Amino acid sequence: MGKLVILLKQRSREGRNGWRLVRTQSRLKIAVIGGFVALFEAGLFAFFYAGFRFLDSSGSGAFLVNRLFSIFFLGMSILLVLSAATAAHGALFRARDVPFLLTAPVSPSELVLFKWFETTRISAWTYLFIVLPFVGAFAAYEHGSILFVVWTACFSVPLLALCGAAGTLLALLIARWMPRRRVWRRVLGWTLVAGALLAFAPLLARTREDPSAMVSLSTLVPGLRLAMHPLLPGFWGSEGLASLHAGQWLRGLLFGLLLASTAGVFGLLVEWLGARLFVEAWERSAPSNAVDGPPRLLGWLAVLLRPAPADVRALLLKDARLFLRDPQQWTQVAIFFGLLGIYFANLRNLNYNQYDDMWRNLIAFLNAFSISSVLGSLTSRFVYPQLSLEGHSLWLVGLSPASFGRVLHTKFLGALVAMLAVTAPLMWLSTTMLQTPAATRFTILGLTICIVTSLTGLATGMGAVFLDLQNRNPAAIVSGFGGTLNLVLSLLVVLVVILPFGVLFHLRAIGRLEGGAFGAWQLAGWGWVLLVTACATAIPLRAGAAGLRRRDF
Amino acid sequence: MIRIEHLSKRFGDVTAVEDLTLEVPAGELFCFLGPNGAGKTTTIKVLTGLVRPTSGRAWVGGHDIRTDALAAKQMTGYIPDMPYLYDRLTVAEFFDFSGELYGMPAATIRTREEELFDTFGLLKSRAVLVKDLSHGMRQRLLYASTLLRDPPVLFIDEPLIGLDPYTIRSIKGILKARVRQGRTVFLTTHILALVDEIADRIGVIHQGRLVALGTLPELLASHKVKGLEELFISATGGWVDK
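Listed in order, the protein sequences are those of chains A and B.
Just so we're aligned, residue 1 is where the first sequence starts under the numbering used here, counting upward by one.
Just so we're aligned, residue 554 is where the second sequence starts under the numbering used here, counting upward by one.
Okay, chain B solo, but in the shape it has when bound (with noise of 0.2 angstroms):
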């Protein structure tokens, strides 16, 4: 589903992202682990279209993000760690907005806005303003009209700031569940016990370049260390005390 063959992007002098080849197929929720300022974001950045690939390709969905972007976009949801949503729109504009701009129908817009307006607890909120809200309500705004699409991909970058315990447990339920129906699911994120409960596969980069890569069991037999916290730390260069 999300396929990147030496893929590279430099901003100036500074080499963000080198030489990362990875292939995450459908079904899978792939975790991508890294320090502060690794690239985690930039891949994903470069996979959602918002900057472009100083050398390398990248696929999602099979189309090519550069030579048909527009389509790899339709296949695409990606939920950012500082979402931008419109100030001036209500709850249930800004979802009937996200679903006109994918080409939704009218119809199958309203029949899901009832479904995920529940699932996020959005139901009473439908005609505040967006300004009028929280940064934890806005969160579920997000997610609610990102999955409205139900897309193939999903990119989340941080995908539990500032959400309650009861939107944490429901979004792990979903991300879960949309891995079982054969979609696939690529986040970033620092809170390891997120990984360690959900991920089916994870990557780890540091200063740019992937320096691990597999299930828990194998990188924690590759790397001889008993948890996550101890690969995080010997997969970026830190000492272990064994």
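Okay, chain A solo, but in the shape it has when bound (with noise of 0.2 angstroms):
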């Protein structure tokens, strides 16, 4: 263990000096960074108390909210798990340290241990940003103590341990056991959905026009006999905190130890597997030792290409070629984009479908305000860096016959190609579940096609603008003051592209617009969209080639 608590100090130092990296960094990033983190956490706060208080008034009061509560934790729970074995596929299997650690007198154990804590630490950040407003508005509805805010603390600690080895071991086995050939991942993928399908076909296949099935709370609050399940740590810390909130001192603290004993028993077991796995799985999932060739979907995508010049078809399939070969990115698309999916095609299994007008129109267009900030953030994450990403090959660009411009134009159109074919069928999955009208149905397709070409517009051209060639970490460059002004412009053209239709459908929907008045709002809506859809990709494009032209290599 001793070689852990190097490591971890190790990690501690490299913190530090980050910290008093970014007091180095420009005020107005921080402010700006600072700024957005704040009023993000606010409008979280504000969003979840006023949830919290409608709920209340409904008439199922503090019993919905508490099992709301269970829920949540539950959700989290999920994410955790996932997000934590991606974070421990990259720290174990991608991250340039691992090599330098194996040559070290450093036991495998002790390696998958320390990448363990990494995971949980990463993994913590996201947790906070949003339990924190989650709870602090609990805490206010409630009329609670500054206490709760400990409780959760002291909770949320054994439930991040816990959930981030449940994802280091998923990690460690999935790269132990994962087939090399590309036929037998796909056979285990096909068996993977197969079995998943069997396992909710009784979710699928129960009659859902039944009006009396309403009245069950387990059909109201979708997932909530799987939250209240006593196997589950999500139940242990809800129903922890809960009893600390009560003041059941005993119960919660016996829920806490069994939260923390849980998060140890784990904690051996990445150590026992680590010791006997790590090696195996770290060999088997270097790039080196592929076995398979070129996906087949580049050779379809090589097909659909061939009218395209050469230079922008190299250039496509480069890119194509590069984003296939690094998993990492594809399976954050995959789980983003995959959960809204599943979520999507469940609408009528929640009985969406069967609400009134206004109600179906508001999930309508949440689901399409979900589906573009899920955009944003991924435009944000890999489009925007994808030139910096060329990093010192863009000399191998920067002299080919091709400009620019050009290279920034072909970037954009394969980018806003790609979001596009994942997005449309999204969207349009949502408004047919909710069975939504033909002109809702439309109007979202309409405003989904302007959101993507404008982030992807405004993620391609700043990237230019904000170029950053000497930074080998994605990560790094979008956390940037360009990456992060980005994110919050893309957020801004969502905000303003949906709202304003939103609005006028729920005016609509109540009655309070008719005929020709909603005709001509409507029109004037489209004017104001096209004119925010031209400005956020022309102007972001102009100004990153004429940024490139300008710039020496």
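Worth flagging that the hints you see were computed from the coordinates, not collected in a lab.
These numbers were taken from a predicted model, which means no experiment stands behind them.
Some hints here could point you the wrong way.
Said to hold, decoys possible - Which stretches of chain B does chain A cover? Using the computed rule of at least three CB atoms under 8 angstroms from a CB of chain A, they are: (1) 626-635; (2) 646-655; (3) 742-756.
As the list claims (entries may be wrong) - Taking beta-carbon pairs under 10 angstroms as the criterion, some of the chain A residues facing chain B (in silico): (4) Gly15; (5) Arg94; (6) Val98; (7) Phe100; (8) Thr103; (9) Ser107; (10) Glu283; (11) Ala543.
Unchecked claim - Just a few of them, taken from the derived set where beta-carbon distance is under 10 angstroms, the chain B residues facing chain A: (12) Gly565; (13) Arg641; (14) Leu682.
Glycine included, C-beta positions come from ideal geometry on N, C-alpha and C.
Both chains are sitting in their own frames, so use the hints and assemble them into the complex.
Structure below.
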């Protein structure tokens, strides 16, 4: 364990130096980021508080709110495990310090334990960003004391450690046992999909048209039964907190100890399996051990791109190859959009399609906002750093006959097509499952196309304006001033595009806007959206191209 | 000090190292030559614990690299061609960390720090973050950190990349001095002039197989060539104009 302490000390030194670096950044950047974070947290707090008050006013009161607390922790636990698994995969099998540590007298178990701590630390940030406003809103709603936040912190530590350990184990087992041949990976993938469908078949087959089903709380609040399962850590966390809040100290303590001891057991499991599996898993996941040729998808893409000019085709195929060869990239996309897809596919199971027009309308636009927000973070994460990640190999592109402007537009078009291919079907699925009127469906689809175009143009252009050829880490590139500004502007674009139409359709649904007036406002709305789209696309792209032409490399 | 018996390493269908048998005693500077992709770096990676052999065995300092890996690593220093250093540590912090990782007492680290920082021109860069160092300075830091522990066996993959002539001269001197003190150095390089100058013994690997082994005079005589370049080309299947 001595080496583990040394590794943790080294990490804390790095963290301390990192904070010192932050203080040398421009004050404007710190102010923008700090302001955005504060606004985001305050917004979440207000949103959750309003939600609790609304539920209280529905008549089910405190009972429903408390159950929602359990569902929140269930959801957070699942997301934490998934995020920890992704982070652990990167930390264990892609991090550049692992080869250095493997040649040092650090045992595999110590290395894996160190990476478990690191994974938990990375996952903790997202957790805190969401849990703090949620718990704060709950405490405010319950007129609770500040102690509630303290209890939450105490319960969060073992919960984070437990989910981090589960994610690390998942990453380890997948890396060790994942088949290396593509054909067997496909077989495994389809087997898992079939298994999941079989497991959820009873839910999908249930008749949803029976209005009496609405009366059941379990149907009204999806996932409630699962969230209340006594074997789940999320339940221990939520019940422990609720018990402490109600003054049931012993019950609260018992749940806390249960969480802590289970986290400890999982930690031992990480150590035990790490010692036995890590080295083999690391070797199997080394990029040089690739056994398959290029994926068929690239072949199809090459055929599709045949009509395109040679330089455009070469650039797009190169970007597609790099993207497909980095599982960390596309698994993030798959997880984000996959979760949304699962939710949309289950909208009828949740009976949302049976609500009246006003609610279906509201849900449709909220879903559109969700997809667009996810799109905003994905364009910031993947599209924005595209050019910067060319890094020193930008000379290859820079010396070619293709102008930088052409390169920029090619990257924009490639990203646009890829993003549209995912978001448009998702948006269509959402409105179809909700059985919204055709007008709403086509409006939301049109807004989707405008938002995708805007966000892709913004990210591509700003990525060229704030080019960073020195940094190899996409997360570091994105967290700079340009990346933060891009994210903020992206969310602003989403807001100003969706909000007007959301309000318009809501007013019509509640009968406050009829016929001719609605049509006129729609026209004005489309004028506004097209103007926003044109500005958000053209201005950054032109500025980016101009910046590239002026730059010394 | 280094003993390799019938070592093979395969990556899928590709054989990187095939049936390598080799012994490097203490007090020898052994140079491993070969064309690109011959298996030099793979051999070093197996010996330093980065990859596991497919078959065969190897010992470093008497410790089996598979069954007694930690003890073998304790005796080993490794300087790769593309080193990773923690960007957000300062030069001094990385140096300390390297010593602590190998269980060195803080007092010993302090004592050695002055001497090694002076040797490698790092005295003025103590508080500089690694991310702000040039490639050459990073290499120097890596040498200083590795030599801090005075490892009995030193593996170096391309020892002189990114170093200025002053540092190159220092390094050559240090390597020769280490060997005189009974340490073992196993290095790979493409710079034949370096091999000519410092190697005690040379091994040439080609397509995973050891195709030549011996001192320079022995190899020149056996291959009937006049210089190292001709030896290299002849041993790796090229045609030498005689």
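So, going through the hints one by one against the coordinates:
1. 626-635: Contact hint for the region 626-635 of chain B vs chain A: holds, 5 residues under 8 angstroms.
2. 646-655: holds (count 5)
3. 742-756: violated (count 0)
4. Gly15: Constraint on A/Gly15 satisfied, holds at 8 angstroms.
5. Arg94: Violated, because the Cβ-Cβ distance from A/Arg94 to chain B comes to roughly 12 angstroms (cut-off 10 angstroms).
6. Val98: holds, 9 angstroms
7. Phe100: holds, 5 angstroms
8. Thr103: Hint on A/Thr103: holds, closest Cβ of chain B at ~5 angstroms, below 10 angstroms.
9. Ser107: Given a least distance of 6 angstroms, the restraint on A/Ser107 holds.
10. Glu283: holds, 6 angstroms
11. Ala543: violated, 29 angstroms
12. Gly565: Check passed: Cβ of B/Gly565 comes within 5 angstroms of chain A, closer than 10 angstroms.
13. Arg641: holds, 4 angstroms
14. Leu682: Where the cut-off is 10 angstroms and the nearest Cβ of chain A is about 6 angstroms from B/Leu682, the hint holds.
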